[in-house]
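Chemist: Protein chains in written order, with our numbering: chain W, 1 to 332; chain B, 1 to 332.
Certain hints may be false.
Remember, identical chains collapse to one label, so a pair may be satisfied in a single copy or spanning two.
Said to hold, decoys possible - Keeping only pairs whose Cα atoms sit at most 20 Å apart, straight-line, the calculated SDA-like set for lysine to any residue is:
1) K248 with D31
2) K248 with G117
3) K112 with A160
4) K56 with R22
5) K56 with L92
6) K112 with D99
7) K248 with D275
8) K112 with R100
9) K112 with I98
10) K248 with H118
11) K248 with E276
12) K248 with R104
13) K112 with D95
14) K56 with K238
Hints listed in this document are in silico derivations from the structure and should not be mistaken for laboratory results. If you're wondering where the values come from, they're calculated on a predicted model, not measured in any experiment.
Protein chains: 2
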Amino acid sequence: MNLNHPGGVSARYRRLLDPALREAVSVLHPDGARMAAFAMGWADVDGRARFGDGGKALRPAIALLSAEAVGAPAESALPAAVAVELVHAFSLAHDDIIDRDELRRHRDALWKAYGVGHALLTGDALLALAVSQLADRPEAMPYLSAALIELVQGQSADMAFEDRPWQGPGEVTLDEYAEMAAGKTGGLLAAAAAAGVALGGAPELADRMWGMGRDLGVAFQIVDDILGIWGDPLVTGKPVYSDLRSEKKTLPVLAALASGGQAAHELSDVLGATDEDSVRHAARLVEEAGGRERARALADRYVSSALGVLDEFLPDAHELRALCHSLVDRVN
Amino acid sequence: MNLNHPGGVSARYRRLLDPALREAVSVLHPDGARMAAFAMGWADVDGRARFGDGGKALRPAIALLSAEAVGAPAESALPAAVAVELVHAFSLAHDDIIDRDELRRHRDALWKAYGVGHALLTGDALLALAVSQLADRPEAMPYLSAALIELVQGQSADMAFEDRPWQGPGEVTLDEYAEMAAGKTGGLLAAAAAAGVALGGAPELADRMWGMGRDLGVAFQIVDDILGIWGDPLVTGKPVYSDLRSEKKTLPVLAALASGGQAAHELSDVLGATDEDSVRHAARLVEEAGGRERARALADRYVSSALGVLDEFLPDAHELRALCHSLVDRVN
Chain W
1 MNLNHPGGVS
11 ARYRRLLDPA
21 LREAVSVLHP
31 DGARMAAFAM
41 GWADVDGRAR
51 FGDGGKALRP
61 AIALLSAEAV
71 GAPAESALPA
81 AVAVELVHAF
91 SLAHDDIIDR
101 DELRRHRDAL
111 WKAYGVGHAL
121 LTGDALLALA
131 VSQLADRPEA
141 MPYLSAALIE
151 LVQGQSADMA
161 FEDRPWQGPG
171 EVTLDEYAEM
181 AAGKTGGLLA
191 AAAAAGVALG
201 GAPELADRMW
211 GMGRDLGVAF
221 QIVDDILGIW
231 GDPLVTGKPV
241 YSDLRSEKKT
251 LPVLAALASG
261 GQAAHELSDV
271 LGATDEDSVR
281 HAARLVEEAG
291 GRERARALAD
301 RYVSSALGVL
311 DEFLPDAHEL
321 RALCHSLVDR
331 VN
Chain B
1 MNLNHPGGVS
11 ARYRRLLDPA
21 LREAVSVLHP
31 DGARMAAFAM
41 GWADVDGRAR
51 FGDGGKALRP
61 AIALLSAEAV
71 GAPAESALPA
81 AVAVELVHAF
91 SLAHDDIIDR
101 DELRRHRDAL
111 WKAYGVGHAL
121 LTGDALLALA
131 VSQLADRPEA
141 MPYLSAALIE
151 LVQGQSADMA
161 FEDRPWQGPG
171 EVTLDEYAEM
181 AAGKTGGLLA
191 AAAAAGVALG
201 GAPELADRMW
211 GMGRDLGVAF
221 QIVDDILGIW
231 GDPLVTGKPV
241 YSDLRSEKKT
251 LPVLAALASG
261 GQAAHELSDV
271 LGATDEDSVR
281 HAARLVEEAG
291 GRERARALAD
301 RYVSSALGVL
311 DEFLPDAHEL
321 RALCHSLVDR
331 VN
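Let's have the full structure, built from the sequences with the hints guiding it.
Modeler: What follows is the structure in structure tokens.
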């Protein structure tokens, strides 16, 4: 696969996807269309066209590759590809409001650019357009619908984690983390894969691909967590150690604490302090306690599980395999 | 129809609807379920059960009555009834954030009770649950999907109206108002009626019922506007003249200005002032210029148009007719 972008879709898919996405958004009220174009990375805040950063379009790639993997033309899964990309944009718009994140892909978050009310409504509009893509496709729509529920459930769980302690009664377990990530991140990957094969004419494989996508999502989220602590700020667009500073319940930290050694004990004392030295010290302790390594190993295990489904049911899906690998080897 | 509530559903429908709504919401994360229960009027902010105010459940009533009108049992349209009520709750939750309305049905708005982030996510959850009701029903899902798009388009138009002048170049025309109301208010009534007959086994009537519901929505919104100026605050739960004070582009005022007489000229001078005397004076001028009367007449015309569809295609739908009438005769 000739990737324009690490983990991204090839130029061939971009030629299919981009016009379909733009056509979907074009039905909106002019104000909604302008804000949606900003959210999709097509325009600046003042409406001027931007080129070259429509994001990774990973979820559409999964949908299109899944259709091809069952012998159908990529086009057959285009409505699903458009739908999952629109849902992804919806979720980013709303998550940034919820998390008060001011930056997204090195630019203002949608709510920073246009205000909370407009950003909320633009998110709703993107979701409505997504649903309309598959409204008359009962072989695919239930997977999109299930992903929407997974998305809100995962987001609810993630928000509830914030109020729970790092350790002791009520602590967040690794299993709970995996369940949250499977929903919040995996649901949409799962819908892309399942709807992709269903629209490609192999609905009997859709439930398997759904499970594959959820596993992939857990791996993807763990890699995100690793990058959220140790990723290059210039590449990720987030400050170094940002997830540690905000005390987010991420897998490397949970795994470090669960290791129970000396570094884990020290780590539990230093968590919560937000000065630069403490945060840097915490990051070192997470590594010493084996949190980074364990996170990496867990991500690999989930990817292996996802690849196992492909091996069993779609052994010739080489491009899809390559995409799965690229998700855990990415640097942003 | 034995109404518990003006414009509301009979006890018979409540027995069908309420358990189905509660079952739908029960799948949510406990935090989401708690907030959804508040939004639906089932619980106080601290989670204690409340009785007797699940709202008017007007949209579900339209779905259930529409199925019965084509000779099917009401139960056949239950997924649509649940879906439209959930979408309605979603839209109220998000609209209150957008409009910064602090009160809803004499209680705190959802965002006042739980914060913007939680209210936004609860709205998303209600929408996801709504979509799941009809995800595998391709005869009904496209109408729900179309209503979601109408809803956001209408809300976008309504927000854009705020920035436009009352008169002169760029003024909001009565036709634009009707189009906004047909989307924002009519879309969901239209989906209820169309999905109701489709699930009741008469999909060939669904497009007609869609048009019927949009007309009904315009009438409903005009009556809302009338109540927003002259409604009894104890009944509507809003302060007297509230829509005039907030300079909302409502039909009585637009119609008064369009009349072009002496009162209209005076009105255009006094609009924008928010002191008590000016607002009271503006309300009087809207009446003098015939705005209230013209709004009423326009609402009646849209209801007649809606009833015309019933006369032609479902002449025996007496309960549905009665419900349509009750929408424009309501006092809250």
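Chemist: At most 20 Å between alpha carbons: which applies to K56 and L92, within, between, both or neither?
Modeler: The answer is within: 14 Å in one copy meets 20 Å, while 34 Å across copies does not.
Chemist: With identical chains, the pair K248 and E276 could be close in the same copy or across copies; at 20 Å between alpha carbons, which is it: within, between, both, or neither?
Modeler: within (16 Å within a copy, 49 Å between copies)
Chemist: Treating 20 Å as the Cα threshold, decide for K112 and R100: within, between, both or neither.
Modeler: Answer is both: 9 Å inside a copy and 17 Å across each meet the 20 Å cutoff.
Chemist: State whether the alpha carbon distance between K248 and H118 is at most 20 Å within one copy, between copies, both, or neither.
Modeler: between (27 Å within a copy, 17 Å between copies)
Chemist: Tell me, please, which holds for K56 and R22 at an alpha-carbon limit of 20 Å: within, between, both or neither?
Modeler: within (16 Å within a copy, 39 Å between copies)
Chemist: As a check of your reading, is K56 near K238 (CA-CA no more than 20 Å) within one copy, between copies, both or neither?
Modeler: within (17 Å within a copy, 47 Å between copies)
Chemist: Given a CA cutoff of 20 Å, do K112 and A160 count as a within-copy pair, a between-copy pair, both, or neither?
Modeler: The answer is between: 19 Å across copies meets 20 Å, while 25 Å in one copy does not.
Chemist: Should K248 paired with D275 be assigned to within, between, both, or neither, using CA atoms and 20 Å as the limit?
Modeler: Within one copy only: 16 Å inside, 48 Å across.
Chemist: Given a CA cutoff of 20 Å, do K112 and I98 count as a within-copy pair, a between-copy pair, both, or neither?
Modeler: both (12 Å within a copy, 15 Å between copies)
Chemist: For the identical chains here, do K248 and D31 meet the 20 Å Cα criterion within one copy, between copies, both, or neither?
Modeler: The answer is between: 19 Å across copies meets 20 Å, while 35 Å in one copy does not.
Chemist: For K248 and R104, with the copy left unspecified, which applies at a CA distance of at most 20 Å: within, between, both, or neither?
Modeler: within (18 Å within a copy, 34 Å between copies)
Chemist: Check K248 against G117 for me: Cα-Cα at most 20 Å, and say if that holds within a copy, between copies, both or neither.
Modeler: Only across copies: K248 and G117 sit 16 Å apart there, 26 Å inside one copy, limit 20 Å.
Checked against the numbered hints given earlier, the structure satisfies every one of them.
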